[in-house]
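Student: The chain contents come next:
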Amino acid sequence: MVTYIVRRLITAALILLGASFLVYLLTAASGDPLEEFRASSAPNKQQLMEARTELLQLDTPAPIRYFHWLGGAAQCLIPFANSCDLGKNIAGQPITDALGHALVQTLTLVTGATVLAILIGITLGIITALRQYSTLDYGVTFMAFLFFSLPIFWVAVLLKEFGAIGFNNFLRNPEIPIPAALVIGAVIGVLAAVTVGGEMKRRLLIGGVVFLFAAAVLMYFSATEWFKNPGLGPLVIAIAGVGIAFAVTLLSAGLKNRKALQSALIAVGVGLVVYFVIQPLLDQATFLMIVLLAIAAVLVGMGIGYLMGGYDRGQSMRAAALTSFLVGFLILLDRFMQAWPEYFNNSRVRGRPIATIGASTPNIEGDFWTLSLDSFTHLILPTIALILISLAGYTRFTRASMLEIMNMDYIRTARAKGLSERTVVMRHAFRNALIPIATIVAFDIGALIGGAVITETVFSVRGMGFLFLDGITHVDPNPVMGVFLCVAITAMGFNLIADLAYSALDPRVRVKA
Amino acid sequence: MSQPSQQDEIVAEDAGLPQSAAGIEPVLEAKGLSQGQIVRKRFLGHTGAIIGLVVFAIIFVMAFTSVGYWGIPGWWKYSHDEVAPLVNDGVPTASLWPLAWGEHPFGQDRIGRDLFAMTMRGAQQSITVMVVIGLIAGFIGVVVGALSGYFRGWTEAVLMRLTDVIIIIPGLLLAAVMAQMAGRRDSGGWFSSFASNNGILALGIFLGLITWVGLARLMRGEFLSLREREFVDAARISGASNARIIFKHILPNAVGVLIVNITLTMSAAILTETALSYLGVGVKAPDTSLGLLISQNQEAFATRPWLFWYPGLFIVLICLSINFIGDGLRDAFDPRQKKFNAKKAKDAGHPLEPTPVTAFDGTKDD
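Top to bottom, those sequences are chains A and B.
Going by our numbering, the first residue of the first sequence is number 11, and it counts up by one from there.
Going by our numbering, the first residue of the second sequence is number 43, and it counts up by one from there.
Possibly wrong hints are sitting among the right ones.
Computed, partial: chain A to chain B, Cβ under 8 Å [to be verified]:
| # | residue |
| --- | --- |
| 1 | 29 |
| 2 | 32 |
| 3 | 36 |
| 4 | 159 |
| 5 | 167 |
| 6 | 370 |
| 7 | 490 |
Pulled from the structure, derived: some chain B residues nowhere near chain A, Cβ distances all over 10 Å [unchecked claim]:
| # | residue |
| --- | --- |
| 8 | 84 |
| 9 | 87 |
| 10 | 106 |
| 11 | 203 |
| 12 | 283 |
| 13 | 320 |
| 14 | 321 |
| 15 | 323 |
| 16 | 344 |
I should point out that these hints are in silico values taken from the structure, not numbers from a laboratory.
Each residue gets a CB set at the ideal place from its N, CA and C atoms; glycine is no exception.
Chain B on its own, in the form it takes in the complex (with noise of 0.2 Å):
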């Protein structure tokens, strides 16, 4: 990166202030590194982050080598809509002592069908419209946020009426009107053609053109206070052009913020699609989504509670790593980072008179 971060200031500052204030500890370890080093390291180092990236990373191989995708055959055996007769009433085969996956590992709806599978087919269509909504929302969130935040005047006060025209939209209603579309496949238009072939697809797509405007809001706020500063001014002067100032200049600074609210936004928008499949207007039958699983079986829960657990356990570990590697990020790109320690501010804050930690310990007042 060419123009001083706000990274180097800080290291700097602390290079030249090695006795930094109690309980703060100073970055030292960044010394030397260049931003994209820092971060990959600080990432690295954070636990719940790594564990996420893993679980993640199991599930995501899991889920679409087991049962194929678009026409590529998996190892399973069964596929999602595929009926296979009964074993032990459908109860689940897989146990851990001794380890065994057997027939039917997650079990056996009603009518035979494999839960795996299903569930598999439930999890390769959340995080297909899970990075589907990423990418639009964040494509669009940054388009937009740039330009109204760093052209201002009258490209800012259109663009941000209509965020604020689309925030106020029910999602619900959009979502409704989509599965209404999708489902009228005798209309032949090609919207409704392309979506009840690609119902997942269409979906993500949807959400996506209406998820960008928190995004939006945000980038805007990043351009606006990053276009005040002086390497923006320097690249000005020396002749850049809007588009370069704009994506060689800002948007590398602001890029910590963005991957990070595309992070929670995604895993947001797994909830928001299991939600809406829940309700009804999202994935609908014959396919299967998570959220459809959960909506067909919650009335078996006293007969076969298996068809309950393990779609809702996929739904809240696929969130839960989002969110881990989210606050990971979060951690590695915030340059102002630094640990402050109640201890440590105890024992550098000196001899005299020991304070107490926290203020319900301490009896000592006033």
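With the rest of the complex left out, here is chain A (with noise of 0.2 Å):
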């Protein structure tokens, strides 16, 4: 395992070395990095241009530079050394810097996108294996296809146009006109008819009763405004909280687990008191309280699950701590809305929350939730976009691995031995078909980090794909050579852990020593 490991990591620093001298050389052979100055007519032209000569050391060539260039990195090795040297760019700001800042930017970019398409593609694939060739299936599997069609450039194009100036526009004057909810309540009915399938006769009465609640819901939000005062309010979260539970039990126990069940809707009263207690404290609130507050709902979960006991204290214990953890999040949700008013008459918000370019409001000043929501609401848009084009692959791929288990021998034995069939789909199942499906993630997380240079430049996010394409244009190695270097050790780094990880999950696969 460990000869493995190292003579990955040697090939890995080999591999590296070779394509860094290719991408120092191909950036440095990609333009003239003096053009914008020969064209220019300044008096002081020549003075420009021996400046940036001097700055990019354009007098040696290539290939020495790389090697200047490679003693610098090399100092990134030396830990605690601080000394890292990855040059500077062509306005003389160091590059660690500017990686620094746009890590973080592509960071709070791509992370909650790929964390959801992952989820969502995830479920998406197994609800699809389950109904194969149902109507779910080939809606499902026509988006996936749309979507992974769809050009994302085109697609943000869109999103601005209408998920921002259409929904601001909206937001002016929140009415939804009785046809338009109507038509809305029946969109929503008929995909509840199609997503819990059944007879036909449970299918309409299910399609019904959802399409009269969205109408009546969408109503009563015109008539009060909800749209500009949203708010949740203790007895929705009540409602909301006992469906959770049940759903939770369902998936994660089984209904007939009844000290589960009862785990779980204790969750949920707890979590109602603890509504009230809490919202002073959640006024003076921090991004660290929060996940504090996080842990500690999923603590008081397990709490209640092992004190309510039962013959498998561990089933409560997971359903009591999901629920509350929900729950929790309904609560925070509930929060953010409470301070949506606040936001929306923000003097530099003027009433437009969502927003088309850029990560934050310029100067906005304001609480945590203010805060909070302004980053929320520039996110959203590429948040919507890199999913939509994301998540037909997760899918696809789960759907495909769902059905190739569900057709092995020991989900019929486990079928034959008269195991329900949440037992066989959770437990003997979906187990498996997450196997193939860890490394493709493990690929994708290791991609995070190259940014999405398309969606950053359509919605002018200042990360690494802009770094990247921002040294391209102006023909400077040094950027180009620092995001590179990021994205490639990632890169590999996160494919070794695939690798291993799937030798981890799947006794059958060893590596090679």
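Combine the two chains into a complex, taking the hints into account.
Tutor: Written as structure tokens, this is what we have:
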């Protein structure tokens, strides 16, 4: 095992050396960094050209410059020396600083989108695999292909037009006319009817109920101007919490496990009490506090499950912990909604909350809630765009993996010995289907750092992709090399992790020593 | 095909077991047909793939006949760089009811160029790039994958390390370098003169030279597993040369995987080309491409939305139809493809106690 890892690391270092040499030469060969000065008619043209020649060391040939750069980069390997030198960019800023800023921007942009895409994609993939050749399956498959074929810059422009400008106009006067409410309700109803599956009668019934409910809620929102003063309130949290409790128990322990169901319901009750107690505390919230509260919620849930006991304590603990985490999320959502009017009327936002470019409103001031809402409203459109295009891959892959597993002999054995369908799907099939998915997830996380060049360009986020593209357009090798180094190292690192994870998850696969 | 393929084995297995497992339908329709016939039959039975094929054929014919190609004139009256007087401020004249084509069916841009001609030209470019990339990437991928998978040892080590190096060099950088070289018309090298005259071909060749890596890895995997099969041993014992074994014995068995993945590479290639053109390092004005059209016209969305809709629509249509064709091919070539049907599994799982179809509507538990 250790031999294997060491060998992989040495190979990776050699590949990195070769590839970085090529990248440096290519960037240097991709154009003339003095071009903008040659065409200019500034009186100090000669001086500017000389200054830049000195800054980029254009007198020395590119291969020698590469070794100079390599010498600086090699200092990054010395731990705690803080002597990392990746050179400076064309404006004279050290690359290490620029990379730090860009990395933060990119990670805030891409992390949420990737996590959501993975979660939604895997869920959809499993459901479509279980309902193979149903309307839902065909619908999701078609959507997956469609999203797969969408150019992201096209989607981004559409989102800007309808998601931001259109929605902001709607918020100015948030009234939903009754026909529109009915149509939206009908669409949601049809979706529900397709999703639930089962007999025609059951589908129609559920579709109808959902249609009526959705249309009524929309009309209520319109009448009370909910979109201007959104909020959930304890009542909605209670109802949604009970729903969550049932769903979580159904998936994790089965409704027959009464102790687990009771634990989850108690967790909802505790959550409701906490909702009233915690409001003053939340007014002074910080990010750290939210994280600590989330951990506390999970611990409380586990405590409830532990105290309830039952024949399978672990199941009760799991159900209650998940439920209390989700109820905590609802409380958080409610608090964000309470902060919405303040954000909406902020002098910087001026009633047009959904932003089309950048990562935050310039010079905005406010408490934690306002600032967080500000980054959410800036992140929402790029996140949707990224989710749409990466969702398809996960859905298709999970579906294929799940279908293959469902045809396995041990699944038939599990059914034959009389296990419930829930146990077969969640315990026997789902876990094994996750093995191949784990590897592509590792790849994608490795590729995260590279950022999304096009998304960053369209939404003017100054992340890694922007840095890279900027370096290329200015024929400036140092930022390009900096980004390349980060991307290549993480990609190869996660590649190795994926291989190791595969052999750890699947005992049939062994790495060659 | 001379060797018993996986396909035949599966068929034989299924024929021996008429009562197969619950919910898994045996591939009985494959009886007595050659592999080519089975694949063709399955592909033609795949509705999505056929629709994709028809749509793609229509777009292909329309794109290449309307504005002409390589100097051959087309039937459409405008060309993509011809400025015509603005008709009705450039609003599209095509309408469904009454069905009419009009002077400028997709509208005109600000200076009066015909959007239909520009879109068709862009579609030509996309299809050309796609085919060039598919051919080049397919060829190099097969050769590299086959050599490293078949010979192993040093060949494999060298070729796979080369693949590793190419896989981590960003494609955007290579495209930018190429765009720069193509832009230098004055320097007079054979490459820059070729690239500036046939921008799209040069781009396609360049992208092809870097997209083969995925295919090579895949083909290597196929060759690694196929070379251990008995029919390869049999061929070797009967004195077949390495070339003969690779091309006559192993490659036909790997062709399904190859074709499917070339299709997928091609659909990804269209998006890559449009994205590069959008970023300004692909096709450059005065020539046009679908990505370039969107990039030029995204600011005009509020005033002339059609300039934005039609190029995007054509990207999506081409890419979608190729994806569906690829999906159909995958289903057709996959010999293990059996239809698992949860409902049948339930019915066959006999009358003792009906199990719920899915986890989510089951309440009878544990």
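Student: Could you run down the list of hints and mark each one as holding or not?
Tutor: Going down the list of hints, with the structure as the test:
1. 29: Interface hint status for residue 29/A: holds (5 Å vs cutoff 8 Å).
2. 32: Because about 6 Å separates residue 32/A from the closest Cβ in chain B, which is inside the 8 Å limit, the hint holds.
3. 36: Status holds, d = 5 Å.
4. 159: holds, 4 Å
5. 167: holds, 5 Å
6. 370: violated, 23 Å
7. 490: Cβ of residue 490/A sits 7 Å from chain B, so the hint holds.
8. 84: holds, 15 Å
9. 87: holds, 14 Å
10. 106: Per Cβ check, residue 106/B is outside 10 Å of chain A; nearest 21 Å; holds.
11. 203: violated, 6 Å
12. 283: holds, 30 Å
13. 320: Contrary to the label, residue 320/B does not stay out of reach of chain A, its closest Cβ about 5 Å off (not over 10 Å).
14. 321: Not fine: 7 Å to the nearest Cβ puts residue 321/B too close to chain A.
15. 323: The claim is violated: residue 323/B sits with its nearest Cβ about 8 Å from chain A, within 10 Å.
16. 344: violated, 8 Å
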